[in-house]
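Trainee: Listed below, chain by chain, are the residues.
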Amino acid sequence: METKRTPIISVKNLYKIYRVGETQVRALNGVDLNIYPGEFCAIVGTSGSGKSTLLNMLAGLEKPTKGEVAIGRCHLEKMNENQLVRFRREAVGFIFQAFNLIPSMNALENVALPLSFRGVPKKIRLKRAAGLLKTVGLAEHMFHKPSQMSGGQQQRVGVARALVVDPTIIFADEPTGNLDSATSAEVMELMQRVVREQKKTMVMVTHDNHLAGFADRIFHIIDGKIVKIEEKVKEGEKER
Amino acid sequence: MRFWDLIRMSLSNLWRRKLRTFLTVLGVMIGTASIVVMVSLGLALNKSTMETMESSGGLTTIQVYENGSFVSMGSGSEEESSQETKRITEDTIKELAQIPHVTLVSPVLNVQILAKQGRYIGYLDVYGMSKEALESMDLDFAWGQIPKEGDGLSFVYGNQVMMNFYNESTGEGYWDSGVLPDVDLEKPLYYIFDQESYWASQNPVEDTGENEQQTQNVSPPKKYMLPVAGVLAGDMETYTEQSYGVYCDVETLLPQLKRVFKNKAIPGQPVTKSGKPYKEIYYNQAYVRIDDMDYAEEIQNEIKNLGYTPNWNAEWVKSQQKQYQSIQLVLGGIGAVSLFVAAIGIANTMMMSIYERTKEIGILKVLGCSLSNIRTMFLAEASAIGLIGGIVGLMLSFGISWALNNFGAALGGAITGMTEAQISYIPFWLAGLALAFAVLVGMIAGFFPALRAMRLSPLAAIRNE
Ligand SMILES: Nc1ncnc2c1ncn2[C@@H]1O[C@H](COP(=O)(O)OP(=O)(O)OP(=O)(O)O)[C@@H](O)[C@H]1O
Ligand SMILES: [Mg+2]
Chain A
141 METKRTPIIS VKNLYKIYRV GETQVRALNG VDLNIYPGEF CAIVGTSGSG
191 KSTLLNMLAG LEKPTKGEVA IGRCHLEKMN ENQLVRFRRE AVGFIFQAFN
241 LIPSMNALEN VALPLSFRGV PKKIRLKRAA GLLKTVGLAE HMFHKPSQMS
291 GGQQQRVGVA RALVVDPTII FADEPTGNLD SATSAEVMEL MQRVVREQKK
341 TMVMVTHDNH LAGFADRIFH IIDGKIVKIE EKVKEGEKER
Chain B
601 MRFWDLIRMS LSNLWRRKLR TFLTVLGVMI GTASIVVMVS LGLALNKSTM
651 ETMESSGGLT TIQVYENGSF VSMGSGSEEE SSQETKRITE DTIKELAQIP
701 HVTLVSPVLN VQILAKQGRY IGYLDVYGMS KEALESMDLD FAWGQIPKEG
751 DGLSFVYGNQ VMMNFYNEST GEGYWDSGVL PDVDLEKPLY YIFDQESYWA
801 SQNPVEDTGE NEQQTQNVSP PKKYMLPVAG VLAGDMETYT EQSYGVYCDV
851 ETLLPQLKRV FKNKAIPGQP VTKSGKPYKE IYYNQAYVRI DDMDYAEEIQ
901 NEIKNLGYTP NWNAEWVKSQ QKQYQSIQLV LGGIGAVSLF VAAIGIANTM
951 MMSIYERTKE IGILKVLGCS LSNIRTMFLA EASAIGLIGG IVGLMLSFGI
1001 SWALNNFGAA LGGAITGMTE AQISYIPFWL AGLALAFAVL VGMIAGFFPA
1051 LRAMRLSPLA AIRNE
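Going down the list, the sequences are from chains A and B.
Using my numbering, you'd call the opening residue of the first sequence number 141 and step up by one each time.
Using my numbering, you'd call the opening residue of the second sequence number 601 and step up by one each time.
It is worth saying that the hints were derived from the structure and are not from the lab.
Please note that a few of the clues may not be correct.
[Stated by the list, open to error] Derived pair list, reagent style SDA-like, types lysine to any residue, alpha-carbon separation capped at 20 Å: (1) B:647 with B:1028; (2) B:694 with B:731; (3) B:858 with B:878; (4) B:748 with B:786; (5) A:263 with B:612; (6) A:263 with B:606; (7) B:618 with A:242; (8) A:285 with B:610; (9) A:339 with A:231; (10) B:959 with A:317; (11) B:647 with B:663; (12) A:263 with B:607; (13) A:285 with B:960; (14) B:731 with B:663; (15) B:694 with B:884; (16) B:879 with B:685; (17) B:618 with A:245; (18) B:716 with B:796; (19) A:203 with B:1059; (20) B:959 with A:246; (21) A:267 with B:608.
All chains should be modelled from the sequences, with the hints used to inform the complete structure.
Mentor: As structure tokens, then:
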């Protein structure tokens, strides 16, 4: 049943080889995967296994050495940088490990920022941002600067910022990497809830098997190769 | 991205680093001010020359002389040989009027006339010109006006003509006593056209040998009482080209001269070998007005081709202007060096800020800020530094200019003797140009930093340093 759906992300035979001096580092060594709309996927692996590299390829932040990355009908490997930026602006939300909020802007402005790149007028921008901050439970922290918020709160702002542009796919690279386990669980639950409610596709990188458990499907990656795909369909169906 | 969002972001980035922005702006301010003040000095110099020129006859008049009139001045014998020289006649006037861009041509008949009132006598350097030419000179009258049609012969006195009068019996005049002769120009004066017979009749003894018998019999020539039409404005200190001249309508002067010198030659007119006057009147020069000084060169060439000698008073203005241009270039160059240093300051500030904001720029790129927007953002930041520096620099320039003109003028006046002269002059175009230049310098200085920011990798946002 699942396989008959058209994938939103389709990766074929993807290689990324870094040259460091004389030696070659095969960060990705022939990756094939399909991700379907509305899925919450996790990429799990040990440090240096190539998780971040894969995610960066999917988000169009890096060019593959070989292979195909197709998001819908767009082939990222064929796009130039202008087109890639445009693709991110229109289809992608991104959640960073280090939160990466702009320190000079308050929570509201940070969330509204990606909308300004689309030319959305300020009033509408701020209204939308305020709505999302409420969704992530930060209605009272709208005018706080990043330095005036805890890590968990900052990452909630990060989640709101990723959602504000109404993206088709959200990428997250170790979104809870800088948080303690209790806060991590909170943020993960928030992300899971939002993804389900808003029917977003989400790809998350983590090295924590427990956190990966929040996902519908888990890709295990070792030395640049996907070695195992874990499905958790039953759990998803139960909840529905 | 919307334009105002871009600008707001750039400005807030500048505001975030107030001190650094302030210091960079300071550099641009000093650069702009030094350029503007330096150039304004040169412009003021140029302007005062132009004004002097304008007051002394204008830039659009050309005097036309017969060929060789300058050369033959020294050696009288040459006059015979240059029989073919074209003299300035009525035909010449018509000929000159045909030249394009010539708006007015008038004959100029220059004669010496003696004027007398009471004990005082004076030589007048009289210029007979057409009424139109007199009008075109835009004479500034203390009282009176240009002789009206049908008034008969009447004179316009230059403001310094009074200096030429002296006491006939003592021989003492303004130059000896420093006191102006007591001549009332509002009352009529007596004019003696035939000076030769006048002096002959006055001082028969002084004449030598052969002529003695004749001269003793000379009766004093007729004196004519004629009105003064007006006197030009200005005191003994103000010199203009017309200060020493006496002007009248040539149409009324000529008949008068013809009446006085019935069979003789009018003084100054050439004579045949037998001493008889020619039928035609030969003018001393032609007064030509042109519509634009840019054509002066061209018109002068045409006049030369016609066989006359043109003289453009403003010839030296051109060489002066060239000289001032080079002074301005040097002064402006000094200013430009400081603006160049300011440009390096801007580039440095921008590079620093990009270096610090590498991660932030990466975030913007990951979030989908287009490359051109990032470039524009940094260019706008650099231009804003240029603009603010330019505005503050201009205000400073106006302040310095004002101070120079108000306090420096006394000092400069003491040295140069020109009390009225402006030391610094900032025309509107200079202010505009300086501002545009400051912004341009900011943009150029910000160009490479902006390109660099544009090319930064978005991965900078993801790597954790
Ligand atoms: N820019 C680069 N130049 C050279 N080698 C690189 C570069 N980026 C990554 N690598 C190498 O590629 C491999 C995969 O790196 P990647 O960052 O994808 O690992 P990761 O799975 O995200 O690890 P972690 O869990 O520690 O973040 C590593 O061996 C790394 O050394
Ligand atoms: Mg990683």
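Trainee: Hint by hint, note whether the structure agrees.
Mentor: Checked hints:
1. Proximity of residue 647 (chain B) to residue 1028 (chain B) is assessed by CA-CA distance (about 14 Å); at most 20 Å being required, the pair is judged to hold.
2. Using a Cα cut-off of 20 Å, the hinted pair residue 694 (chain B) and residue 731 (chain B) holds, with the two alpha carbons roughly 16 Å apart.
3. The suggested pairing of residue 858 (chain B) with residue 878 (chain B) holds, with an alpha-carbon distance near 12 Å, which does not exceed 20 Å.
4. For the suggested pair residue 748 (chain B) and residue 786 (chain B), the alpha carbons sit about 17 Å apart, so the restraint of at most 20 Å is met.
5. Among the hinted pairs, residue 263 (chain A) with residue 612 (chain B) is consistent with the structure: their alpha-carbon atoms are about 18 Å apart, no more than 20 Å.
6. Restraint check for residue 263 (chain A) and residue 606 (chain B): the C-alpha separation of about 16 Å stays at or below 20 Å, so the hint holds.
7. Distance check on the hinted pair: residue 618 (chain B) and residue 242 (chain A) sit about 18 Å apart at the alpha-carbon level, within 20 Å; holds.
8. Restraint check for residue 285 (chain A) and residue 610 (chain B): the C-alpha separation of about 19 Å stays at or below 20 Å, so the hint holds.
9. For the proposed pair residue 339 (chain A) and residue 231 (chain A), the alpha carbon gap of about 14 Å is at most 20 Å, so the pair holds.
10. Taking the CA atoms of residue 959 (chain B) and residue 317 (chain A), the gap is about 18 Å. The hint holds against a cut of 20 Å.
11. Between residue 647 (chain B) and residue 663 (chain B) the CA atoms are separated by roughly 24 Å; this puts the pair beyond 20 Å, and the hint is violated.
12. Only pairs whose Cα atoms come within 20 Å are accepted, and residue 263 (chain A) paired with residue 607 (chain B) is accepted, the gap being roughly 17 Å.
13. At roughly 15 Å between alpha-carbon atoms, residue 285 (chain A) and residue 960 (chain B) fall within 20 Å of each other, so this suggested pair holds.
14. Our distance criterion of 20 Å between C-alpha atoms is met by residue 731 (chain B) and residue 663 (chain B), whose separation comes to about 17 Å.
15. With a C-alpha separation of about 16 Å, the suggested pairing of residue 694 (chain B) with residue 884 (chain B) holds against the 20 Å cut-off.
16. Pair hint residue 879 (chain B) plus residue 685 (chain B) holds up; C-alpha atoms about 17 Å apart against a cutoff of 20 Å.
17. Simply put, residue 618 (chain B) and residue 245 (chain A) have alpha-carbon atoms about 16 Å apart, close enough for the 20 Å limit, and the pair holds.
18. Pair hint residue 716 (chain B) plus residue 796 (chain B) holds up; C-alpha atoms about 15 Å apart against a cutoff of 20 Å.
19. Pair hint residue 203 (chain A) plus residue 1059 (chain B) holds up; C-alpha atoms about 11 Å apart against a cutoff of 20 Å.
20. For a cut-off of 20 Å, the pair hint linking residue 959 (chain B) to residue 246 (chain A) stands: about 18 Å separates their Cα positions.
21. Annotation: proposed proximity of residue 267 (chain A) to residue 608 (chain B) holds, straight-line Cα distance about 19 Å (limit 20 Å).
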